[in-house]
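Trainee: Please arrange chains B and C on chain A, whose structure you already have, making use of the hints.
Read top to bottom, the protein sequences are chains A, B and C.
So the working numbering is basically just the index in the first sequence, starting at one, shifted up by 281.
So the working numbering is basically just the index in the second sequence, starting at one, shifted up by 1.
So the working numbering is basically just the index in the third sequence, starting at one, shifted up by 20.
Everything labelled a hint here was simulated from the structure, so no lab data went into it.
Beta carbons are placed, not taken as given, at the ideal position from N, Cα and C, and that holds for glycine.
Be aware that a few hints might be false.
Have a look at the derived ranges for each label pair, beta carbon to beta carbon [as the list claims (entries may be wrong)]:
1) C:Glu334 - A:Arg374: 57 to 63 Å
2) A:Phe370 - C:Pro378: 34 to 40 Å
3) A:Gly356 - C:Lys287: 31 to 37 Å
4) C:Glu334 - A:Ala344: 26 to 32 Å
5) A:Leu363 - C:Val394: 15 to 21 Å
6) B:Ala29 - C:Tyr387: 27 to 33 Å
7) B:Val18 - C:Lys287: 19 to 25 Å
8) B:Gly26 - C:Val394: 34 to 40 Å
Below, a list of computed lysine to aspartate or glutamate pairs in the EDC-like style, where the Cα atoms sit at most 20 Å apart [as the list claims (entries may be wrong)]:
9) A:Lys293 - C:Asp282
10) C:Lys287 - B:Asp34
11) C:Lys56 - C:Glu334
12) A:Lys293 - A:Glu327
13) C:Lys382 - C:Glu59
14) A:Lys293 - A:Asp321
15) A:Lys340 - A:Asp302
16) A:Lys340 - A:Asp299
17) A:Lys340 - C:Glu240
18) A:Lys297 - C:Glu240
19) C:Lys287 - B:Glu39
20) B:Lys33 - C:Asp282
21) A:Lys297 - A:Asp321
22) C:Lys491 - C:Glu240
23) A:Lys297 - A:Glu327
24) C:Lys482 - C:Asp60
25) A:Lys340 - A:Asp321
26) A:Lys340 - A:Glu327
Okay, the calculated bits of chain C under chain A, using three or more residues with CB under 8 Å as the criterion [stated by the list, open to error]:
27) 240 to 253
28) 413 to 427
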Amino acid sequence: MQWHATGAVTLKLARKADFADARTLYSGGNSAYFLSGLADGTYYLELQGSGGETSAPLKLTVAHQSLTHALWLAGLGALVFLSTVAVIFRGARDE
Amino acid sequence: MTFSTGFLGILIYGSLVWCAISAIGLSAFLVKDLVRGEVW
Amino acid sequence: MSEADALLPPNVGWALLAAFSLLWIGLGVYWGRRNKSFEDHALAGRNIGLALGTATAAATWITSNTTMLAPQFALQLGVWGMLAYSTASFGLLLFAPMAGRIRALMPHGYTSGDFFRLRYGRGAWGIFLVFTLFYSLTWLVSMAMAGGILLNALSGIPYAWGMTVILGVCVAYTMRGGLAAVIGTDFIQSLIIIVGIVIVGFAVLSHVSIAEIHANLSAERPALLDMLFPAAIMAIFNNLLFGLGEVFHNNVWWSRAFAYRDGVGGKAFALGGLVWFPVLIAAGFIALASGALNVAVPASDMVGPLVVAQVLGEAGAVAIFVIVFCSLASSIDSLLAATSDLLTEDIYRRMFRPAATPARLKSMAQYVTLALGVFTWAVCLPRIGTLASVLFFAGPLVGAMIWPIVTGLYWRRANSAGAVGGMLLGAGAGLACYFAIGFYVGALVATAVSMVWVLACARLSKSRFDWAKLKETA
Numbered sequence: 282m283q284w285h286a287t288g289a290v291t292l293k294l295a296r297k298a299d300f301a302d303a304r305t306l307y308s309g310g311n312s313a314y315f316l317s318g319l320a321d322g323t324y325y326l327e328l329q330g331s332g333g334e335t336s337a338p339l340k341l342t343v344a345h346q347s348l349t350h351a352l353w354l355a356g357l358g359a360l361v362f363l364s365t366v367a368v369i370f371r372g373a374r375d376e
Numbered sequence: 002m003t004f005s006t007g008f009l010g011i012l013i014y015g016s017l018v019w020c021a022i023s024a025i026g027l028s029a030f031l032v033k034d035l036v037r038g039e040v041w
Numbered sequence: 021m022s023e024a025d026a027l028l029p030p031n032v033g034w035a036l037l038a039a040f041s042l043l044w045i046g047l048g049v050y051w052g053r054r055n056k057s058f059e060d061h062a063l064a065g066r067n068i069g070l071a072l073g074t075a076t077a078a079a080t081w082i083t084s085n086t087t088m089l090a091p092q093f094a095l096q097l098g099v100w101g102m103l104a105y106s107t108a109s110f111g112l113l114l115f116a117p118m119a120g121r122i123r124a125l126m127p128h129g130y131t132s133g134d135f136f137r138l139r140y141g142r143g144a145w146g147i148f149l150v151f152t153l154f155y156s157l158t159w160l161v162s163m164a165m166a167g168g169i170l171l172n173a174l175s176g177i178p179y180a181w182g183m184t185v186i187l188g189v190c191v192a193y194t195m196r197g198g199l200a201a202v203i204g205t206d207f208i209q210s211l212i213i214i215v216g217i218v219i220v221g222f223a224v225l226s227h228v229s230i231a232e233i234h235a236n237l238s239a240e241r242p243a244l245l246d247m248l249f250p251a252a253i254m255a256i257f258n259n260l261l262f263g264l265g266e267v268f269h270n271n272v273w274w275s276r277a278f279a280y281r282d283g284v285g286g287k288a289f290a291l292g293g294l295v296w297f298p299v300l301i302a303a304g305f306i307a308l309a310s311g312a313l314n315v316a317v318p319a320s321d322m323v324g325p326l327v328v329a330q331v332l333g334e335a336g337a338v339a340i341f342v343i344v345f346c347s348l349a350s351s352i353d354s355l356l357a358a359t360s361d362l363l364t365e366d367i368y369r370r371m372f373r374p375a376a377t378p379a380r381l382k383s384m385a386q387y388v389t390l391a392l393g394v395f396t397w398a399v400c401l402p403r404i405g406t407l408a409s410v411l412f413f414a415g416p417l418v419g420a421m422i423w424p425i426v427t428g429l430y431w432r433r434a435n436s437a438g439a440v441g442g443m444l445l446g447a448g449a450g451l452a453c454y455f456a457i458g459f460y461v462g463a464l465v466a467t468a469v470s471m472v473w474v475l476a477c478a479r480l481s482k483s484r485f486d487w488a489k490l491k492e493t494a
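If we strip away everything but chain A, and leave its shape as in the complex, we get (with noise of 0.2 Å):
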């Protein structure tokens, strides 16, 4: 995520909306921030300036995809894969 600001900043994460349960993320000079891995479930994110000053909470809802879906893309995967393997190590018997 990006922002505009001069100066440095507070970057807050929490579940709750009225950020009872808030972590600092980052402070300091850069306006931008990598965020990752993290479970499903609504957070909501802030920004605090140095003189306290703080911007409109943004919600962020996290739905990871769906975990049956992924189980068949690595059947088929290991399928394929599989049979090359096969296919490789039988080598040439029609020689």
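Mentor: Only chains B and C this time, still in chain A's reference frame:
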């Protein structure tokens, strides 16, 4: 279900040690090839 | 890199760049003096031993993607992401038995194009050339661009200069020294990369323990440790097949199969795969430490260098600079050499000048290398960011070539209809799914469709290929 600390440790230390072994192995191969005059 | 400042002062960056450039060009000129004919230039006299063979297989496969994208991958897809990317080493491991067979079936071959032409005829050969040139050129462009961008981010050297120098140096020593220079420098580069990664890795671990990394990840980025992280599971086999397709078809690897001394090929590729396997995890875990070390990451693609520079200071930044420069050079040189051989052998010689002398072919290959360099430079200069992502379109193209190549090497009943149809149908279906569903199915669907078609054609085929046809001389 998550990967444990132990697994992470084995993964990371294992790969670093493996890299170190490959570096030593490659050097040893080169010396062997040089001695036999089979580099290229 | 968006906002943070460069990690090294530009004069240090320039000094490192100059020192390594002189070293590679000097070695290229020195080794190039043994090359008399096209065979010497393109295949280093078909006499590469095990040490150089192993190192060059590993080094060529260690691209800037391995050392720079690994931390990014780890940060986005977690532990599974690193494991999934490590499966790319299977490409080298599985090519090992094929390399021995290639050398035995085609003792006089030069390129993977020769195989398609002799095995499946001109139709399949043409499709192969289009696919492989698309892949090779986008790979070359994406790496030259990555070179300029990384050198800029690491040391503040302007993009255009960094890109020009790295490309210019590789063109110079590849032109002068041919495959021998590429393979010789690869050995030195692979040692520098591996030793550098080990030193950096242990240095980072002396500042933060595995338990701290794990505690920080479970608290702040739990999905990265999840054993059932769907995005990562989906990507595994697609990555794997993409890697297989890249290695099986590309002349970078075939030219090495022809260049290794008899009996060396299989061992060298298998050992190269084993050398490559841990590199990605050793380089990638650094990203997972970013949270525990309190390194703020403005953009995921700079996480590796940022962590290292913060923990190890300027010495760490120098190490990263050298590792990146070596991983870029070891891949750009191989790609330049293999693609110029492909253009020289398959297009210049086989389509236009079958009677060209060995000396003429050698100088032609040198001019083609230069032309490729100039072309890549011109495409990279405007720094169009989206160009590098075009490489992902290549997934379906290379996936569709896996089955025609593997069955063509082992089955007499594999035929042209199977190869042509497999490549076209596979690539078409793969590209359609790439755009309709997502990047993580492109190579997978392409390989699956082409497999079904190739198997059906082989089943119904009445023809039996005569292996002796592959032994074409001159």
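Trainee: Just pull the numbers of the violated hints for me, sorted ascending.
Mentor: The structure conflicts with hints 4, 5, 6, 9, 11, 22, 24, although it agrees with all the remaining ones.
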